[in-house]
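S.K.: The residues making up each chain are set out below.
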Amino acid sequence: MALYLLYESASGYSLFLAHGIDQIGQNTEAVRSSISDINRFGKVVQLAAFDPFESALDALNQCNSVSEGVMTDELRKFLEKNLPTVKEGKKPKFSLGVSEPKIGSHIFEETKIPCQSNEFVLELIRGVRLHFTTLLKSLKPGDLEKAQLGLGHSYSRAKVKFNVNRVDNMVI
Amino acid sequence: GRGGMKGGNKVVVEPHRHEGVFIGKGKEDALVTKNLVPGEAVYNEKRISVQNEDGTKVEYRIWNPFRSKLAAAILGGVDNIWIKPGAKVLYLGAASGTTVSHVSDIVGPTGVVYAVEFSHRSGRDLVNMAKKRTNVIPIIEDARHPAKYRMLVGMVDVIFSDVAQPDQARIVALNASYFLKAGGHFVISIKANCIDSTSPAEAVFQSEVKKLQEEQFKPAEQVTLEPFERDHACVVGGYRMPKKSKAGNA
Chain A
539 MALYLLYESA SGYSLFLAHG IDQIGQNTEA VRSSISDINR FGKVVQLAAF DPFESALDAL
599 NQCNSVSEGV MTDELRKFLE KNLPTVKEGK KPKFSLGVSE PKIGSHIFEE TKIPCQSNEF
659 VLELIRGVRL HFTTLLKSLK PGDLEKAQLG LGHSYSRAKV KFNVNRVDNM VI
Chain B
18 GRGGMKGGNK VVVEPHRHEG VFIGKGKEDA LVTKNLVPGE AVYNEKRISV QNEDGTKVEY
78 RIWNPFRSKL AAAILGGVDN IWIKPGAKVL YLGAASGTTV SHVSDIVGPT GVVYAVEFSH
138 RSGRDLVNMA KKRTNVIPII EDARHPAKYR MLVGMVDVIF SDVAQPDQAR IVALNASYFL
198 KAGGHFVISI KANCIDSTSP AEAVFQSEVK KLQEEQFKPA EQVTLEPFER DHACVVGGYR
258 MPKKSKAGNA
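Just so you know, the sequences run in chain order A and B. Count the first sequence with this note's numbering and you get residues 539 to 710, in order. Count the second sequence with this note's numbering and you get residues 18 to 267, in order.
Hints were generated in silico from the structure; no laboratory data involved. Every residue, glycine too, gets a C-beta built ideally from N, C-alpha and C. Errors might be hidden in some of the hints.
Said to hold, decoys possible - Okay, derived cross-link-like pairs now, SDA-like style, lysine to any residue, Cα gap no bigger than 20 Å in a straight line: (1) A:Lys-684 / B:Lys-149; (2) A:Lys-640 / B:Leu-191; (3) A:Lys-699 / B:Ser-113; (4) B:Lys-260 / A:Ser-571; (5) B:Lys-148 / A:Ala-594; (6) A:Lys-684 / B:Gly-103; (7) A:Lys-699 / B:Asn-145; (8) B:Lys-165 / A:Ala-594; (9) B:Lys-260 / A:Ser-574; (10) B:Lys-148 / A:Ser-571; (11) A:Lys-640 / B:Val-95; (12) B:Lys-165 / A:Leu-668; (13) B:Lys-149 / A:Gly-688; (14) B:Lys-260 / A:Ser-572; (15) A:Lys-629 / A:Glu-618; (16) B:Lys-198 / A:Lys-615; (17) A:Lys-615 / A:Ser-593; (18) B:Lys-149 / A:Leu-687; (19) B:Lys-165 / A:Ser-574; (20) B:Lys-235 / B:Lys-51; (21) B:Lys-165 / A:Leu-543; (22) B:Lys-235 / A:Ser-571; (23) A:Lys-678 / B:Pro-126; (24) A:Lys-678 / B:Thr-127; (25) A:Lys-684 / B:Met-172.
As the list claims (entries may be wrong) - Some residues of chain B that are not near chain A, with every Cβ distance over 12 Å (derived): (26) Val-30; (27) Glu-76; (28) Val-153; (29) His-162; (30) Ser-194; (31) Gln-233.
Please build the complete structure, drawing on both the sequences and the hints.
M.R.: Structure representation (structure tokens):
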């Protein structure tokens, strides 16, 4: 049974395939010790797909939805394009590991893609976060931080109700 | 008195034991950090300018321990703050960003500070401060729900926490499980009154340390923030520390 991981970054959505991890035989402790070393982790978890956000506005929309545990149309397209097809009446031979159960149940309701979010999956996602820029070769050093910086500002400015288009105008 | 060449107000700045922190030696010694944005104060703090031998100038900002628990912990003699040039720091309870601005000075252009604050009122100041300091990523969100800001934060070396909430240990543990490297460190400021106002402060600190130990934290030291803050302690330690290999276990 194949295990995919959904990783939402400031630069875009990505899917990783966790090879040869038999969940029953694995304990969380074993995963913990293997994620620190990129040589070991990179053999087990590999990039399956990456879809960069189209614009800063798109990134903000995705971030707001992910934050609320909602799957956007863009995320749905990304998942359906890059994951094996789920056929009606057949039990899928894969599952999708997600960071948080709410988005998992939304994905399952809409697409029937089976999702899981448990200690084991969260450990693997910790590994992806640690090695993300190494696993994703298309990002240059510093690119991810730049994306986080831009998105952090737009996300936070919207929260404190600054007018996004004007610098000094705020609504109380 | 005054007069003579260059007057009597010359200040010498020396590196502090903690990398990225400095001491301004004048009439009275002061903790200072090297201003990442020379020419600008963040909260009307005083700045001092020092001329190097080659004629270039470096500006430092005075760091007031009455306004910053991290500065108070440093003056309290904490052994290691783990926040240093190039470090990635997740800062919980960033408030208006006064201490965050000094952390931003310390980690410098190659470091990053993810600054989380839930209050919109102080959040505005934080966002404004971060506009000029591009190593600060402002996150206006509830630190109780790190999943909400998981897209904005990478893996970090240090978590600093000053959230003054009864469930602070749980909040730090949850954030660490998402964002703190194995072998990374935490620095947390504990205000006894915020956790339990009926027990003596020392008992509260002890029970907080115990809670941390149950969450894969390894507290290494504890300093009081007296005389700058009453009934506050700063606890520092490691997270998911590598087990020392036993002798003979090849």
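S.K.: Does each hint hold? Answer for all of them.
M.R.: Status of the hints after comparison with the structure:
Of the supplied pair hints, the one linking Lys-684 of chain A and Lys-149 of chain B holds, its CA atoms being roughly 14 Å apart against a limit of 20 Å. With a C-alpha separation of about 17 Å, the suggested pairing of Lys-640 of chain A with Leu-191 of chain B holds against the 20 Å cut-off. Proximity of Lys-699 of chain A to Ser-113 of chain B is assessed by CA-CA distance (about 16 Å); at most 20 Å being required, the pair is judged to hold. Of the pairs offered as hints, the one joining Lys-260 of chain B and Ser-571 of chain A holds, with about 10 Å between alpha carbons and a cut-off of 20 Å not exceeded.
Restraint check: the Cα-Cα separation between Lys-148 of chain B and Ala-594 of chain A comes to about 17 Å, which is no more than 20 Å; the hinted pair holds. Distance hint between Lys-684 of chain A and Gly-103 of chain B is fulfilled; the C-alpha atoms sit about 16 Å from each other, no more than 20 Å. The suggested pairing of Lys-699 of chain A with Asn-145 of chain B holds, with an alpha-carbon distance near 13 Å, which does not exceed 20 Å. With a C-alpha separation of about 18 Å, the suggested pair Lys-165 of chain B and Ala-594 of chain A falls inside the 20 Å cut-off, and the hint holds.
Taking the CA atoms of Lys-260 of chain B and Ser-574 of chain A, the gap is about 14 Å. The hint holds against a cut of 20 Å. For the hint pairing Lys-148 of chain B with Ser-571 of chain A, the CA-to-CA distance comes to about 39 Å; that exceeds 20 Å, so the pair is violated. Proximity of Lys-640 of chain A to Val-95 of chain B is assessed by CA-CA distance (about 41 Å); at most 20 Å being required, the pair is judged violated. Taken as a hint, the Lys-165 of chain B and Leu-668 of chain A pair is honoured in the structure, with Cα atoms around 18 Å apart against an allowance of 20 Å.
As the CA atoms of Lys-149 of chain B and Gly-688 of chain A are separated by approximately 13 Å, the hinted pair is consistent with the 20 Å bound. Restraint check for Lys-260 of chain B and Ser-572 of chain A: the C-alpha separation of about 14 Å stays at or below 20 Å, so the hint holds. A hinted pair counts as satisfied when its Cα atoms are at most 20 Å apart, and Lys-629 of chain A with Glu-618 of chain A qualifies at roughly 16 Å. Restraint check for Lys-198 of chain B and Lys-615 of chain A: not satisfied, since their Cα atoms lie roughly 32 Å apart, outside the 20 Å limit.
About 17 Å separates the Cα atoms of Lys-615 of chain A and Ser-593 of chain A, which keeps this hinted pair within 20 Å; it holds. A distance of roughly 12 Å separates the Cα atoms of Lys-149 of chain B and Leu-687 of chain A; the hinted pair therefore holds under the 20 Å criterion. Under the criterion of a C-alpha separation no larger than 20 Å, the hint pairing Lys-165 of chain B with Ser-574 of chain A is inconsistent with the structure, at around 24 Å. Among the hinted pairs, Lys-235 of chain B with Lys-51 of chain B is inconsistent with the structure: their alpha-carbon atoms are about 31 Å apart, more than 20 Å.
Restraint check for Lys-165 of chain B and Leu-543 of chain A: the C-alpha separation of about 18 Å stays at or below 20 Å, so the hint holds. Distance hint between Lys-235 of chain B and Ser-571 of chain A is fulfilled; the C-alpha atoms sit about 17 Å from each other, no more than 20 Å. With a C-alpha separation of about 17 Å, the suggested pair Lys-678 of chain A and Pro-126 of chain B falls inside the 20 Å cut-off, and the hint holds. A C-alpha spacing of about 15 Å is found between Lys-678 of chain A and Thr-127 of chain B, which places the hinted pair at or below 20 Å, so the restraint holds.
With a C-alpha separation of about 15 Å, the suggested pair Lys-684 of chain A and Met-172 of chain B falls inside the 20 Å cut-off, and the hint holds. Distance check on Val-30 of chain B: its Cβ is at least 29 Å (rounded) from any Cβ of chain A, clearing the 12 Å threshold; non-interface status holds. Listed as a non-interface residue, Glu-76 of chain B keeps its Cβ farther than 12 Å from every Cβ of chain A; the least gap is roughly 24 Å. Listed as a non-interface residue, Val-153 of chain B fails to keep its Cβ farther than 12 Å from every Cβ of chain A; the least gap is roughly 8 Å.
At the 12 Å boundary, the C-beta of His-162 of chain B falls inside the reach of chain A, the nearest C-beta of that chain being 9 Å off. Separation of Ser-194 of chain B from chain A is inadequate, the least Cβ-Cβ distance of about 7 Å not exceeding the 12 Å criterion. With a minimum CB-CB distance of about 9 Å to chain A, Gln-233 of chain B fails to clear the 12 Å threshold, and the non-interface call is violated.
The earlier numbered hints that this structure contradicts are 10, 11, 16, 19, 20, 28, 29, 30 and 31.
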